[in-house]
Amino acid sequence: MLHGYLASKESFLAEIEYFSRFYRVTALDFLGMGGADALTQPFSVGDYADWTAEQLAALGIVFPHVLAHSFGGRVAIKLLSRGDCFDRAVLVGCAGVVPKRGVSYRIKVGTYRLVRRFAPAFSERHFGSSDYRALPPVMRESFKKIVGEDLRVDAGRIARPVLFLYGDRDRETPLASGELLHAAVRGSELKVLPGCGHFAFLDDPLAFRLAAEEFYHDPI
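All residue numbers for the sequence shown refer to this note's numbering, where the first residue is 114 and numbers rise by one.
In short, the hints are calculated from the structure, not lab data. Virtual Cβ for every residue (Gly too), placed ideally from N, Cα, C. Heads up, some of the hints might be wrong.
[What the hints assert, rightly or not] The list that follows gives simulated cross-link-like pairs (lysine-lysine, DSS-like), each with its CA atoms no further than 27 Å apart:
#1 Lys213 to Lys304
#2 Lys213 to Lys258
#3 Lys213 to Lys257
[Stated by the list, open to error] What follows is a set of in silico ranges between Cβ atoms, one per label pair, in the way DEER data are often shown:
#4 Ala247 to Leu319: 31 to 41 Å
#5 Phe176 to Arg299: 31 to 41 Å
#6 Arg270 to Ala247: 32 to 42 Å
#7 Ala247 to Ala272: 33 to 43 Å
Based on the provided sequences and hints, a complete structural model is requested.
And the structure:
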């Protein structure tokens, strides 16, 4: 199980308990998050994928199913694109599509870059969300690497079975992004969970578990 950005494996506590009835479950805390060590340098999605592969190898875990949420889905896509890491993947609220930005956004980014050039301390205090400004500097640089990478090319290389699950009320990773990733992954499935937001597995655990279990047990 791979959690979302700035979350931890504890976000999956109910799912760990449920799926442990049928599987050996391993849930990781990504570096810089949860109870893991802090980052010493900015990580990209690819860096997190390499780190995850190293952890699985150290634990002796070979070709497992994966359940990933949001940012964890980014990491899963990178690893799935390599072809030899995961068997079946359930990606819920999966991130990985860079949205098209309007003129106002481009003006804001241009202003930020100009201000940062001449007054870097001021720009870091006044631009970006409060959550972003609260991050340590190394995590800010990592965050920019992560959100700036569109993973649709990587998704197009995936040859393993993938189920995308999205809540129809998800505002963090909207269904439109899921439709683009679904279109990129040949043979993938897309299911919408009505009334659910970004944490669909918390909003409707029964519907989420039924969809995941059916997919994991469906013959290839």
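Status of the hints after comparison with the structure:
no., hint, result
1, Lys213 to Lys304, "24 Å, holds"
2, Lys213 to Lys258, "17 Å, holds"
3, Lys213 to Lys257, "16 Å, holds"
4, Ala247 to Leu319: 31 to 41 Å, "35 Å, holds"
5, Phe176 to Arg299: 31 to 41 Å, "20 Å, violated"
6, Arg270 to Ala247: 32 to 42 Å, "35 Å, holds"
7, Ala247 to Ala272: 33 to 43 Å, "40 Å, holds"
Comparing the model with each earlier hint shows a violation of hint 5 alone; every other hint is respected.
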